[in-house]
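Protein chains in written order, with this note's numbering: chain H, 1 to 166; chain S, 1 to 784.
These aren't lab readings, by the way, just hints derived from the structure by calculation.
By construction, the Cβ of each residue, glycine as well, lies at the ideal position given by its N, Cα and C atoms.
Hints are supplied without guarantee of correctness; some may be wrong.
[To be verified] In silico lysine to any residue, SDA-like type, Cα no more than 25 Å apart, as pairs:
(1) K149/H with K434/S
(2) K17/S with D46/H
(3) K654/S with Q152/H
(4) K4/S with S769/S
(5) K149/H with E718/S
(6) K305/S with A172/S
(7) K19/S with E98/H
(8) K121/H with Q26/S
(9) K28/S with D116/S
(10) K561/S with N610/S
(11) K4/H with E115/S
(12) K162/H with Q26/S
(13) K149/H with K651/S
(14) K645/S with P709/S
(15) K213/S with S179/S
(16) K654/S with G82/H
(17) K65/S with V6/H
(18) K4/H with Y118/S
(19) K158/S with K305/S
(20) K157/H with K561/S
(21) K28/S with K162/H
(22) K28/S with E127/H
(23) K19/S with A88/H
(24) K64/S with P24/H
[Stated by the list, open to error] Listed below are several chain H residues computed to face chain S (Cβ distance under 8 Å; list not exhaustive):
(25) R25
(26) L36
(27) F68
(28) E76
(29) I80
(30) A84
[What the hints assert, rightly or not] Stretch-level coverage of chain S by chain H, calculated; a stretch enters the list once three of its residues show a Cβ under 8 Å from a Cβ in chain H:
(31) 17-23
(32) 197-207
(33) 280-288
(34) 343-357
(35) 502-511
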Amino acid sequence: MTTKNVINITVKVNGKDHTAAVEPRLLLVHFIREVLALTGTHIGCDTTSCGACTILLDGRPVKSCTVFAVQVDGREVSTIEGVAQNGALHPLQEGFKEKHGLQCGFCTPGMIMSTYALLQKNPQPTEQDIRWGISGNLCRCTGYQNIVKAVQYAAEKLSAKKETGE
Amino acid sequence: MIQKTSPEIGGFGHSVKRKEDLRFIQGKGNYLDDVRLPGMVYGHMVRSPYAHARVIAIRTEEAKKLPGVLAVITGEDLAKAGLAWMPTLFHDKQMVLATGKVLFQSQEVAFVVAEDQYTAADAAELVEVDYEELPVLVDPHKSTDADAPILREDREEKSNHIFHWEVGDRDATEQKMKSAPVTAKLKAFFPRCHPAPLETCGCVMDFNSSTGKLTAWMTSQAPHAHRTVFALVAGIPEQNIRVIAPDIGGGFGNKVPVYPGYVCAAVAALTIGRPVKWVETRSENLQSTGFARDYHMEAELASDKEGHMSALRVKVLADHGAFNATAQPTKFPAGLFSICTGSYDFSSAFCEVDGVYTNKAPGGVAYRCSFRVTEAAYLIERAMDVLAQELKMDPAELRRRNFIPPDKFPYLCPLGWNYDSGNYEGALNLALEKIGYTELRQEQAEKRKKGELMGIGISSFTEIVGAGPSHTFDILGIKMFDSAELRVHPTGKAIMRMGTKSQGQGHETTYAQIVAQELGIPASDVVIEEGDTDTAPYGLGTYASRSTPTSGAAAALASRKVRDKARKIAAHLLEVSEEDLEWEPGKFSVKGAPGKSKTIQEIAFAAYTNFPEGMEPGLEAVNYYDPPNLTFPFGTYVAVVDIDKGTGEVKVRKFVAIDDCGNIINPMIVEGQVHGGLTEGLAIAFMQEISYDESGNIQGGTFMDYLVPTAIETPHWETGHTCTPSPHHPFGAKGVGESPNVGSPAAFVNAVVDALSHLGVKHIDMPLSPWKIWQILKEKGVAE
Chain H
1 MTTKNVINIT
11 VKVNGKDHTA
21 AVEPRLLLVH
31 FIREVLALTG
41 THIGCDTTSC
51 GACTILLDGR
61 PVKSCTVFAV
71 QVDGREVSTI
81 EGVAQNGALH
91 PLQEGFKEKH
101 GLQCGFCTPG
111 MIMSTYALLQ
121 KNPQPTEQDI
131 RWGISGNLCR
141 CTGYQNIVKA
151 VQYAAEKLSA
161 KKETGE
Chain S
1 MIQKTSPEIG
11 GFGHSVKRKE
21 DLRFIQGKGN
31 YLDDVRLPGM
41 VYGHMVRSPY
51 AHARVIAIRT
61 EEAKKLPGVL
71 AVITGEDLAK
81 AGLAWMPTLF
91 HDKQMVLATG
101 KVLFQSQEVA
111 FVVAEDQYTA
121 ADAAELVEVD
131 YEELPVLVDP
141 HKSTDADAPI
151 LREDREEKSN
161 HIFHWEVGDR
171 DATEQKMKSA
181 PVTAKLKAFF
191 PRCHPAPLET
201 CGCVMDFNSS
211 TGKLTAWMTS
221 QAPHAHRTVF
231 ALVAGIPEQN
241 IRVIAPDIGG
251 GFGNKVPVYP
261 GYVCAAVAAL
271 TIGRPVKWVE
281 TRSENLQSTG
291 FARDYHMEAE
301 LASDKEGHMS
311 ALRVKVLADH
321 GAFNATAQPT
331 KFPAGLFSIC
341 TGSYDFSSAF
351 CEVDGVYTNK
361 APGGVAYRCS
371 FRVTEAAYLI
381 ERAMDVLAQE
391 LKMDPAELRR
401 RNFIPPDKFP
411 YLCPLGWNYD
421 SGNYEGALNL
431 ALEKIGYTEL
441 RQEQAEKRKK
451 GELMGIGISS
461 FTEIVGAGPS
471 HTFDILGIKM
481 FDSAELRVHP
491 TGKAIMRMGT
501 KSQGQGHETT
511 YAQIVAQELG
521 IPASDVVIEE
531 GDTDTAPYGL
541 GTYASRSTPT
551 SGAAAALASR
561 KVRDKARKIA
571 AHLLEVSEED
581 LEWEPGKFSV
591 KGAPGKSKTI
601 QEIAFAAYTN
611 FPEGMEPGLE
621 AVNYYDPPNL
631 TFPFGTYVAV
641 VDIDKGTGEV
651 KVRKFVAIDD
661 CGNIINPMIV
671 EGQVHGGLTE
681 GLAIAFMQEI
691 SYDESGNIQG
701 GTFMDYLVPT
711 AIETPHWETG
721 HTCTPSPHHP
731 FGAKGVGESP
741 NVGSPAAFVN
751 AVVDALSHLG
761 VKHIDMPLSP
771 WKIWQILKEK
781 GVAE
C-alpha cells in the first residue's frame with residue numbers, strides 16, 4: 001500500500017460518531033460505501049445527474065458523489081440505513097412498497113432521502129411539489145407516477161400521526 | 001378459465017405487494033458494487049480517445065511503478081492466452097483489449113489493477129499509448145463506398161458490409177407497388193440510443209486456485225448463457241464456473257452481452273490470485289456498452305384510394321458500429337424486425353436489411369424490446385400516418401380498415417410469423433373512447449383557427465415476444481427454452497428456482513403468484529431464487545419480454561406436475577380413487593363430499609411422512625419449457641401534445657395506453673411496467689440520442705447530454721387493458737414489459753407531426769428536441 005496524505009475526520013452518521021483517516025480526495029459517497037460499508041447509498045453516474053447517492057448532510061439532501069469526505073468533518077450525515085427506527089419502517093418506506101414506487105430499487109434510497117427532506121420542509125406537498133422535490137433523482141423504471149403516490153401516502157400518514165400525537 | 005384465489009393465496013389478478021421491496025427500501029439490496037470479498041482489488045480500463053487509429057506502442061512502466069498497482073494488462077498479454085478477441089453473441093468477434101488498432105472512441109486498450117479504485121484510476125492515467133490516426137468512417141451510408149476505409153482488417157472479407165438479410169416476396173410486392181392507385185413513402189431514422197440502466201455494468205471475479213473454481217459475480221441478464229460462453233471461450237470446465245447475478249439495478253437489454261471488462265477482470269483474478277472488482281462509470285457505460293437501434297429505414301405502402309392496403313416494402317441500413325455485437329437469435333440478423341407488417345392485413349410484403357460496420361461502439365442490443373420489434377413498430381405506425389395524410393383520412397379510420405380481423409387468427413403474415421391471437425380494433429376503440437378522440441379532433445380544429453398547435457397521435461402496435469420455440473430460436477446454438485424447478489417442503493412452504501433473472505420486474509413476487517394460482521400455496525410462502533448458476537436450472541435469461549411466456553410457463557407446468565403427484569397422495573390419504581377428487585386452489589376434495597378434503601399443506605407433509613407404497617418420496621418438479629410459438633401482445637396508445645411556438649417545446653398533455661397482454665398475473669406490477677416503458681419511450685422520442693461528430697467523437701456520452709427524463713418532464717400516464725389470452729401459453733399470458741417502449745415512440749411522433757401537418761410537415765426524425773421543432777416552426781413562419 002502507498003503512504004498517503006491522510007486527514008482525520010469525525011462524522012456523525014445515522015446518529016453514531018465515526019472517526020477515520022481519509023485521503024483529502026476521497027468522495028463522501030466512497031467514504032460511506034467503502035469505509036463505513038453502508039452500501040445502501042448508490043452510485044449511478046459521474047456527473048452529479050442521477051441522485052442515487054443522495055444523503056442528508058445536516059438535514060439537507062446532498063449528492064454525496066460531489067462532496068469530499070473531509071468537507072463533512074464534524075457534521076451529521078443520514079443515509080437510507082438510518083431511516084427505519086427501532087425496526088419500524090418509516091412511512092416513506094411503507095409508501096414506496098404499498099404504492100409500487102420502486103422496481104429495480106437502485107434509485108430508491110436516494111429517492112427516499114430526497115423526499116424525507118422534502119416532507120420535513122413541506123409536510124403537505126402538492127403533486128407538483130413532489131415532482132420538483134425529486135427532480136434531482138433519476139429513475140429508469142417507474143416513470144415517477146407511483147413514486148409521487150408513495151410520497152403522498154407518507155405525507156398523509158405522517159400528518160395523521162401528528163394529529164393523533166403519536 | 002382462471003380459477004379465482006383468495007387474497008391470502010394471492011394467485012392471478014391480485015396486486016400482491018412485492019416481496020423484493022423490503023430489502024430495497026432499507027438500503028439492504030445486494031447489487032454488484034455492494035459485493036465485497038476479502039482481499040478484493042480493483043480494475044480500471046484505459047480507453048481510446050480516437051475512433052480509428054493504429055496502436056503504435058503501449059507503455060505501462062510508469063503505471064506499474066505506482067505503489068499499489070498490481071498489474072497492467074494489454075491486448076498483447078491477452079493474445080498470449082488466446083483471449084485478445086472474444087466472440088460476440090452474433091456471428092462476429094470483438095477485441096477484448098486492442099491489438100493493432102482501435103475502432104471506436106472509448107474502446108478498451110489496457111486494464112489496470114490496483115489495491116484500491118483511486119490508485120487504479122491514477123495508474124490508468126499513467127499508461128501511455130501512441131496512436132496513429134486513421135480515416136474515420138461515421139456515416140453508414142458511405143460504408144461501402146469505394147474510398148471508404150476498411151475497418152475490420154481481421155476479416156477475410158475486405159468490406160464494411162456485414163450481412164444482407166431479406167424476407168418476403170420481392171416480386172409480388174414490387175408488382176403491387178407499381179399498380180397501386182396510392183403509395184406512401186417514409187424515410188425514417190431510429191437514432192442510436194442506450195438502455196442506460198441506473199446501475200452500470202460490472203463484475204467481481206474470484207478464482208480459487210485450490211479448487212480451480214471461478215466465481216463470477218456479474219450484472220448479467222443471462223447468467224447461464226454467460227457461464228457457457230466463458231466455458232467455451234476460456235476453456236475452464238463448466239462445472240468450475242459459477243456465475244452469480246446479484247440484485248440488478250435495471251437492465252433493459254444492456255446487461256445481455258459479455259463485455260471486455262468481465263474478461264479482463266477474470267484474467268486479472270487468475271493472474272493475481274485475488275478477487276478483482278470492475279465497475280464501469282456512467283460515461284463508460286454510455287460510450288462503450290451495448291447501444292440500441294441505429295436503423296436507417298424506408299417504408300412504402302401500397303393502397304387503394306379508400307385506404308385498403310395491399311403491400312408493404314421495407315429497406316433498412318443497420319449501423320452496428322465496430323463489431324457486430326448485437327444480441328439476436330442466431331437465425332435473425334435483424335432480430336424480429338420482420339414483424340414490421342404490424343397489426344395490418346397485407347397480402348404481400350418484402351423486407352430487406354443490410355448491416356454495416358462504422359467507427360462507433362459495438363452493438364446493438366434489444367433495448368426494452370424483443371429483438372428490433374421497436375424499430376419495426378415505429379416504422380409501420382409512423383408510415384400509417386404518412387399514408388393517412390396522403391389520403392386525407394383520419395389515422396384511426398385507416399388503421400381500422402386494415403387491421404387483421406379477430407376471426408382471422410391464428411394469422412400467417414406475409415413475412416412468415418404466425419400471430420397467435422389479437423383483437424386490435426377492441427384496443428383502438430377503448431383507447432379512443434378513454435382519450436375522448438372525437439372531442440379532441442374538434443378542439444384541434446378550433447385551435448388551428450386560432451393558430452395554436454395541438455396534435456393527436458395514435459399507435460396500434462403489435463409485439464412478438466417470448467422467444468422462443470426451439471425449432472427457430474437459439475443463441476449461439478443454445479435453444480431458447482426456459483426453466484423452473486419447484487420444491488415443496490414438508491410444511492407446505494416452497495422454493496422455486498428459475499432460469500431467468502429479474503432486473504426490477506418483480507419476479508420474486510409474480511413467479512410466487514403462479515405457484516399460488518396453480519397449487520394454492522400462498523404466494524407469501526413461496527421463495528423464488530434466480531441468478532446463481534450453481535443452484536438454478538439452466539435458462540436463457542430475462543430480456544425480450546420472455547420471462548412470463550417461457551419461465552412463467554415452466555413455473556405453471558412444474559406446479560401442475562406437483563399437483564398431479566399431490567392428487568395421488570390425496571387419494572391415498574382420503575382412501576378414494578384419483579378420479580373421485582376435485583381440485584380447487586389449495587385443496588383436493590372428494591366429489592360430493594366437500595367435508596372430506598386434504599389441503600396442499602397436508603399433502604406436502606404426507607409426501608415426506610405418509611406416501612403411498614411404491615411412490616417416490618418428496619414433492620418437487622422441474623420443467624424446461626419450449627414454447628410452441630411466440631406470443632403477440634398488442635395495444636393502442638394515444639398521445640395528445642401541445643407545442644409552444646415560442647420555444648418549440650412539446651408538452652404531452654394526455655396519454656392513454658391500452659395494452660392487451662392476455663391474462664395478467666399482478667395488475668399492480670403490469671401497470672408499473674407500462675409506466676416505466678412509456679417514460680423510456682418518451683425519452684427516446686423527445687430527448688435521447690447518441691450521435692457522433694465527423695471525427696467519431698461521441699455526442700451523448702454522459703448524463704449531462706444523454707438525457708433521462710425527470711419527474712418534471714414525465715407526464716401522467718393513463719392505462720387500461722383489453723384481454724385476449726394467448727391460446728398456446730399455459731395460462732394465457734403474453735408478456736408486457738416492453739410493449740410501452742415499443743408502442744409509444746410512434747404515438748409521440750405521430751402527435752407532433754399531426755400538430756404540424758396542416759403546415760405541410762410529413763415527418764420529423766427523433767429526438768423531437770425543442771431546438772429541432774423550433775427550427776421547423778421558424779421555417780414554416782409560425783415561430784413566435
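Results for each hint:
1. For the hint pairing K149/H with K434/S, the CA-to-CA distance comes to about 22 Å; that is within 25 Å, so the pair holds.
2. Among the hinted pairs, K17/S with D46/H is inconsistent with the structure: their alpha-carbon atoms are about 33 Å apart, more than 25 Å.
3. For the hint pairing K654/S with Q152/H, the CA-to-CA distance comes to about 22 Å; that is within 25 Å, so the pair holds.
4. With a CA separation close to 48 Å, the supplied pair K4/S and S769/S exceeds the 25 Å bound.
5. A distance of roughly 14 Å separates the Cα atoms of K149/H and E718/S; the hinted pair therefore holds under the 25 Å criterion.
6. Restraint check: the Cα-Cα separation between K305/S and A172/S comes to about 20 Å, which is no more than 25 Å; the hinted pair holds.
7. About 11 Å separates the Cα atoms of K19/S and E98/H, which keeps this hinted pair within 25 Å; it holds.
8. Distance restraint check for K121/H and Q26/S: the Cα-Cα separation of roughly 22 Å lies within the 25 Å cut-off, and the hinted pair is therefore satisfied.
9. In summary, the hint linking K28/S to D116/S is supported, as the alpha carbons are separated by about 24 Å, within the 25 Å threshold.
10. Among the hinted pairs, K561/S with N610/S is consistent with the structure: their alpha-carbon atoms are about 19 Å apart, no more than 25 Å.
11. Among the hinted pairs, K4/H with E115/S is consistent with the structure: their alpha-carbon atoms are about 13 Å apart, no more than 25 Å.
12. For the proposed pair K162/H and Q26/S, the alpha carbon gap of about 23 Å is at most 25 Å, so the pair holds.
13. For the given pair, K149/H sits about 22 Å from K651/S by alpha-carbon distance, which is consistent with the 25 Å threshold.
14. Only pairs whose Cα atoms come within 25 Å are accepted, and K645/S paired with P709/S is accepted, the gap being roughly 22 Å.
15. As the CA atoms of K213/S and S179/S are separated by approximately 66 Å, the hinted pair breaks the 25 Å bound.
16. Taken as a hint, the K654/S and G82/H pair is broken in the structure, with Cα atoms around 39 Å apart against an allowance of 25 Å.
17. Among the hinted pairs, K65/S with V6/H is consistent with the structure: their alpha-carbon atoms are about 21 Å apart, no more than 25 Å.
18. Pair hint K4/H plus Y118/S holds up; C-alpha atoms about 12 Å apart against a cutoff of 25 Å.
19. Simply put, K158/S and K305/S have alpha-carbon atoms about 48 Å apart, too far for the 25 Å limit, and the pair is violated.
20. With a CA separation close to 45 Å, the supplied pair K157/H and K561/S exceeds the 25 Å bound.
21. The hinted pair formed by K28/S and K162/H fails the criterion: a straight-line CA distance of about 29 Å is larger than 25 Å.
22. Of the supplied pair hints, the one linking K28/S and E127/H is violated, its CA atoms being roughly 28 Å apart against a limit of 25 Å.
23. For the suggested pair K19/S and A88/H, the alpha carbons sit about 17 Å apart, so the restraint of at most 25 Å is met.
24. Among the hinted pairs, K64/S with P24/H is consistent with the structure: their alpha-carbon atoms are about 24 Å apart, no more than 25 Å.
25. Checking R25/H against chain S: minimum C-beta separation of about 7 Å stays under 8 Å; hint holds.
26. With 8 Å as the threshold, the beta carbon of L36/H stays out of range of chain S, its nearest partner Cβ sitting at about 12 Å, so the hint is violated.
27. Checking F68/H against chain S: minimum C-beta separation of about 12 Å lies over 8 Å; hint violated.
28. Nearest Cβ of chain S to the Cβ of E76/H: about 18 Å, over the 8 Å cut. The hint is violated.
29. At about 3 Å, the closest approach between the beta carbon of I80/H and any beta carbon in chain S falls short of 8 Å, and the interface hint on this residue holds.
30. The interface hint given for A84/H holds, since its Cβ lies 6 Å from the closest Cβ of chain S, which is under the 8 Å cut-off.
31. Judged by the Cβ-Cβ criterion of 8 Å, the region 17-23 of chain S is covered by chain H as claimed, because 6 of its residues qualify and three suffice.
32. A stretch counts as covered by a chain when three or more of its residues have a beta carbon under 8 Å from one of that chain; for the region 197-207 of chain S and chain H the count is 4, and the coverage holds.
33. With 3 residues carrying a beta carbon less than 8 Å from a beta carbon of chain H, the region 280-288 of chain S meets the three-residue requirement, and the given coverage holds.
34. Requiring three or more residues with a Cβ within less than 8 Å of a Cβ of chain H, the coverage given for the region 343-357 of chain S is violated, as only 0 such residues are present.
35. Chain H is given as covering the region 502-511 of chain S, and this holds because 4 residues of the stretch bring a CB closer than 8 Å to a CB of that chain, at least three being needed.
Taken one by one, the earlier hints fail for this structure at numbers 2, 4, 15, 16, 19, 20, 21, 22, 26, 27, 28, 34, listed in ascending order.
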